[in-house]
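Enquirer: The lines below spell out each chain.
2 protein chains.
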Amino acid sequence: MTDTIQSAIDYMQETRDQMMEDYKALLRFPSISADPAYADDVCACADWIVSQLSALGFENCEAIATDGLPVVYGEWLKAGADKPTVLVYAHYDVQPVDPLPLWHSEPFEAVIRDGKIFARGASDNKAGVWGNLKTFEALLRANGTLPVNIKIMFEGEEESGSPSIEAFVEANKERLRADLLLNCDGDLAPDEPQLTYAGRGIVSAEVRVKGPQADIHSGLYGGLVQNPLHVAGAIIGSFHDERGRVRLPGYYDSLKEADAAEKGRIAAGFQAEALLEGAGATAFWGETIAPAAERATVYPTLDVNGMWGGYQGPGNKTIIPAEAGFKVTMRLAPDQDPRVVSQLLKKHVEGFATETVTVDCSIGEEAWYFELETEGPWLEAVQSAIEETVGRRAQLVRTGGSIPILGVFNRAIGLPITAFAYGHGEGIHSPNEYLEIDTFFTSLAAAARLYHNLGQVTG
Amino acid sequence: MTDTIQSAIDYMQETRDQMMEDYKALLRFPSISADPAYADDVCACADWIVSQLSALGFENCEAIATDGLPVVYGEWLKAGADKPTVLVYAHYDVQPVDPLPLWHSEPFEAVIRDGKIFARGASDNKAGVWGNLKTFEALLRANGTLPVNIKIMFEGEEESGSPSIEAFVEANKERLRADLLLNCDGDLAPDEPQLTYAGRGIVSAEVRVKGPQADIHSGLYGGLVQNPLHVAGAIIGSFHDERGRVRLPGYYDSLKEADAAEKGRIAAGFQAEALLEGAGATAFWGETIAPAAERATVYPTLDVNGMWGGYQGPGNKTIIPAEAGFKVTMRLAPDQDPRVVSQLLKKHVEGFATETVTVDCSIGEEAWYFELETEGPWLEAVQSAIEETVGRRAQLVRTGGSIPILGVFNRAIGLPITAFAYGHGEGIHSPNEYLEIDTFFTSLAAAARLYHNLGQVTG
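One line per chain: the protein sequences are A and B, in this order.
Here this note's numbering is used: the first residue of the first sequence is 15, the next is one more, and so on.
Here this note's numbering is used: the first residue of the second sequence is 15, the next is one more, and so on.
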């Protein structure tokens with residue numbers, strides 16, 4: 015068995031330069047899911063990946079239509095009924111490229127420089143697509159078979175909020191049935207490997223507050239006409255008490271305190287100094303509610319992400335503006351139902367309407383919290399593979415961020431989930447995104463070990 | 015005497031076309047005071063007006079330097095020591111012309127069309143400058159003398175908030191000494207003449223609320239770092255109670271209730287339906303504080319004129335923004351000292367700073383309320399002139415707006431003030447500003463009668 019892995023790793027090293035050249039073909043598709051103008055490119059990218067899977071010997075390969083952009087599916091089920099079936103998730107769509115002038119090379123013409131490959135999606139998350147394809151190729155070349163049964167699910171809408179994925183998963187439960195979901199959307203830095211094991215849900219909303227039909231003179235109308243910016247300010251000001259607790263009635267009703275083991279994991283994975291440095295801050299805020307590590311990860315939040323209204327230029331403009339607005343996202347604790355929370359928000363916010371000012375709260379995203387394995391053989395398979403490759407195990411980290419697709423799997427299919435990632439990069443969602451080639455090949459070696467280890471897990 | 019007036023009016027009518035052609039020379043100066051790029055044009059305009067005054071026989075004509083743009087001064091003091099001296103105010107600077115594409119003709123190349131003259135400043139307020147020059151010319155041609163002593167003060171900074179005028183008036187009290195100030199900045203519609211007799215003071219401010227050094231991820235930092243938009247919302251939300259009363263501590267301390275006569279004048283001049291229509295509203299707001307007419311004119315207000323922070327584009331951006339801001343103007347009641355009120359605001363707003371969020375309140379304009387004559391011979395001189403010309407007296411109107419220069423005169427010199435205006439126009443501060451030529455000549459006739467009437471007032 016170990017010989018098989020070494021053969022696969024040798025193959026990876028021997029074909030390294032060609033693999034990176036070939037990667038450029040995948041990076042050439044401008045598969046930007048947020049902009050409808052690129053829909054054809056997203057579909058062409060899906061078809062290209064389907065053809066690659068077929069060439070590897072995968073079966074039932076298909077770019078499956080959804081209400082939005084297609085999901086790439088393919089399966090390799092010849093490992094035997096006694097071997098686990100692993101559903102492998104990554105996404106092939108990418109972020110927009112704005113601001114284009116800040117890129118040093120074309121975002122969709124990949125360039126290799128200083129051991130890095132620069133392109134939009136090079137790291138997030140075409141590395142997850144390409145890494146899996148190349149790992150399967152190496153294992154198949156070295157051994158003629160794979161150590162586990164594989165089902166591929168590569169999403170095409172992750173960067174635009176996965177609007178179609180819940181319906182897709184519900185409609186394809188049978189096809190997606192597996193023993194484990196392996197999430198390959200992420201980053202793995204060999205010198206400091208981390209695995210995210212849980213995160214918060216999310217609800218987003220946009221609020222519009224409307225008063226007079228147009229901006230009107232604040233001298234003539236001041237004191238006479240209600241100012242929608244005052245109402246917007248009152249709503250924003252109503253969201254928190256002085257300690258930073260969210261004041262939406264009922265908001266904390268379903269909150270459960272984490273158990274001691276979980277509190278320990280949270281504290282161990284919390285990197286206070288790096289976070290303070292990232293914020294340019296000397297202190298966190300709201301300390302009386304709970305320890306900082308828990309506030310940042312398991313406590314729910316409400317943040318106004320943007321607000322606007324009236325005159326924003328230099329100097330003065332003496333108006334009562336016609337309209338104000340703001341955007342809200344809430345990060346949800348475990349067991350907070352996003353559909354319940356979004357209605358708490360809507361009811362509270364729209365309660366500020368008066369006879370002369372309307373308030374409309376439009377709900378956007380509604381996604382559950384998620385959780386992956388924190389112990390057991392599936393996680394151990396990942397940890398051993400990482401340890402054998404880079405000499406240390408990954409730190410388990412609870413994030414305050416959200417991965418809607420994992421919450422969907424948690425609830426719709428209920429299978430165990432663990433995570434793995436292909437290499438380390440930077441510039442994700444920014445200009446000059448890149449992937450480090452060395453760390454990508456370190457991950458490929460770890461992936462060969464990972465799939466081998468997963469093949470050893472017995473139900 | 016009546017013959018003198020008629021001769022002057024005849025002269026105005028005989029030279030009507032030439033007067034409007036000559037007006038184009040004044041309108042050709044792009045005397046935009048708000049934009050430093052036009053400072054030379056403002057000065058050239060001042061020099062041109064000085065030359066016109068000199069040509070009329072005015073003495074000591076000068077474009078007097080200030081800390082900002084020059085004040086045009088000139089005097090004609092030959093009416094005799096027994097005649098009143100009238101200080102005539104207007105302004106020769108104009109608003110910017112943006113948005114230029116909406117103009118149907120060049121803003122500084124006046125065009126006469128359909129009985130209107132189109133140009134930036136044609137109405138606001140070069141009509142006040144030109145109307146006075148042409149009235150004096152007509153009276154001098156008809157009679158060789160003027161019925162009163164005249165001192166001219168034409169300002170060059172009115173459209174940019176008169177930043178230098180208070181210091182100028184303080185430094186030139188002797189030169190500006192007079193029996194009456196006649197404010198010629200305004201509009202006179204012959205079918206519905208109005209005279210503004212009082213208005214509110216004003217304080218403006220800009221508030222900046224700063225948190226993290228840059229926009230940071232609301233998933234990683236939500237609950238951990240204080241959001242400056244929340245603080246901005248809390249400040250805005252703190253400004254008013256549910257009835258619309260301003261909650262700045264001490265804000266109403268100097269408020270005096272208007273007497274019965276004044277309440278009657280306010281009610282008589284209040285045009286509820288026109289105001290409701292202008293706001294596109296079916297009802298006013300805050301009715302429990304005081305009657306709407308008084309809330310709009312003698313009660314102080316606080317309005318947020320604009321606010322901003324974070325992401326304002328389509329969709330979502332999950333950030334805790336680095337910074338928020340908003341602009342405030344307060345309209346001040348009689349006897350509210352703007353320098354006291356601005357400090358109440360600053361103290362209240364900056365009190366929202368925390369260990370992790372800074373709040374800076376920068377005060378802009380600070381101007382007193384103003385009041386003109388509401389009875390007596392000076393006002394009667396104006397009313398008679400209007401009545402003799404258009405068959406009706408002007409409605410006295412209290413405005414909720416602010417005219418900082420009049421507050422300066424009220425306090426620095428303390429002389430009686432009344433108002434008169436030259437014609438009716440529209441598009442003030444907007445594209446396609448114009449002055450109606452017929453109403454301008456109606457006003458010229460009324461002005462000849464007005465200066466005659468003022469000459470009859472004895473001290």
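Please keep in mind that the hints were generated in silico from the structure rather than gathered at the bench.
The reader is advised that the hints may include incorrect statements.
[To be verified] Straight-line Cα separation of at most 30 Å, DSS-like style, residue types lysine-lysine; simulated pairs:
| no. | chain 1 | residue 1 | chain 2 | residue 2 |
| --- | --- | --- | --- | --- |
| 1 | B | K361 | B | K270 |
| 2 | A | K360 | B | K270 |
| 3 | A | K224 | A | K92 |
| 4 | A | K361 | B | K331 |
| 5 | B | K331 | A | K224 |
| 6 | A | K331 | B | K224 |
| 7 | A | K331 | B | K270 |
| 8 | B | K360 | A | K224 |
| 9 | A | K331 | B | K92 |
| 10 | B | K224 | B | K331 |
| 11 | B | K361 | A | K360 |
| 12 | B | K224 | B | K92 |
| 13 | A | K331 | B | K360 |
| 14 | B | K361 | A | K331 |
| 15 | A | K270 | B | K331 |
| 16 | B | K224 | B | K38 |
| 17 | A | K224 | B | K224 |
[To be verified] Here are a few chain B residues that face chain A, going by a calculated C-beta distance under 8 Å:
| no. | residue |
| --- | --- |
| 18 | H231 |
| 19 | Y235 |
| 20 | Q240 |
| 21 | Y266 |
| 22 | S268 |
| 23 | K270 |
| 24 | A293 |
| 25 | G323 |
Note that CB positions come from ideal geometry on N, CA and C, so glycine has one too.
Enquirer: Look at each hint and say if it fits the structure.
Expert: For each hint, the structure was consulted:
With a C-alpha separation of about 24 Å, the suggested pair K361/B and K270/B falls inside the 30 Å cut-off, and the hint holds. Restraint check: the Cα-Cα separation between K360/A and K270/B comes to about 42 Å, which exceeds 30 Å; the hinted pair is violated. The hinted pair formed by K224/A and K92/A fails the criterion: a straight-line CA distance of about 62 Å is larger than 30 Å. Our distance criterion of 30 Å between C-alpha atoms is met by K361/A and K331/B, whose separation comes to about 23 Å.
Between the alpha carbons of K331/B and K224/A the distance comes to roughly 23 Å, so the proposed pair stays at or under 30 Å and holds. The suggested pairing of K331/A with K224/B holds, with an alpha-carbon distance near 23 Å, which does not exceed 30 Å. Simply put, K331/A and K270/B have alpha-carbon atoms about 28 Å apart, close enough for the 30 Å limit, and the pair holds. Distance hint between K360/B and K224/A is fulfilled; the C-alpha atoms sit about 28 Å from each other, no more than 30 Å.
Annotation: proposed proximity of K331/A to K92/B is violated, straight-line Cα distance about 44 Å (limit 30 Å). A distance of roughly 19 Å separates the Cα atoms of K224/B and K331/B; the hinted pair therefore holds under the 30 Å criterion. At roughly 34 Å between alpha-carbon atoms, K361/B and K360/A are farther apart than 30 Å, so this suggested pair is violated. With a C-alpha separation of about 61 Å, the suggested pair K224/B and K92/B falls outside the 30 Å cut-off, and the hint is violated.
Between K331/A and K360/B the CA atoms are separated by roughly 19 Å; this keeps the pair inside 30 Å, and the hint holds. Taken as a hint, the K361/B and K331/A pair is honoured in the structure, with Cα atoms around 23 Å apart against an allowance of 30 Å. With a C-alpha separation of about 28 Å, the suggested pairing of K270/A with K331/B holds against the 30 Å cut-off. As the CA atoms of K224/B and K38/B are separated by approximately 50 Å, the hinted pair breaks the 30 Å bound.
As the CA atoms of K224/A and K224/B are separated by approximately 27 Å, the hinted pair is consistent with the 30 Å bound. A least Cβ separation of about 7 Å between H231/B and chain A falls short of the 8 Å threshold, and the interface hint therefore holds. Contact between Y235/B and chain A, as hinted, is supported at the beta carbon level, the nearest pair being about 6 Å apart and thus within 8 Å. At its closest, the beta carbon of Q240/B sits 4 Å from a beta carbon of chain A; the interface hint therefore holds under the 8 Å criterion.
A distance limit of 8 Å between C-beta atoms decides the matter here; for Y266/B the minimum to chain A is near 13 Å, and the interface restraint is violated. Evaluation of the S268/B hint against chain A yields a violated restraint, the C-beta minimum of about 17 Å exceeding 8 Å. With 8 Å as the threshold, the beta carbon of K270/B stays out of range of chain A, its nearest partner Cβ sitting at about 16 Å, so the hint is violated. Against a cut-off of 8 Å between C-beta atoms, the interface hint on A293/B holds, since the closest Cβ of chain A lies about 4 Å away.
Against a cut-off of 8 Å between C-beta atoms, the interface hint on G323/B holds, since the closest Cβ of chain A lies about 5 Å away.
This entry does not satisfy hints 2, 3, 9, 11, 12, 16, 21, 22, 23, going by the numbered hints stated previously.
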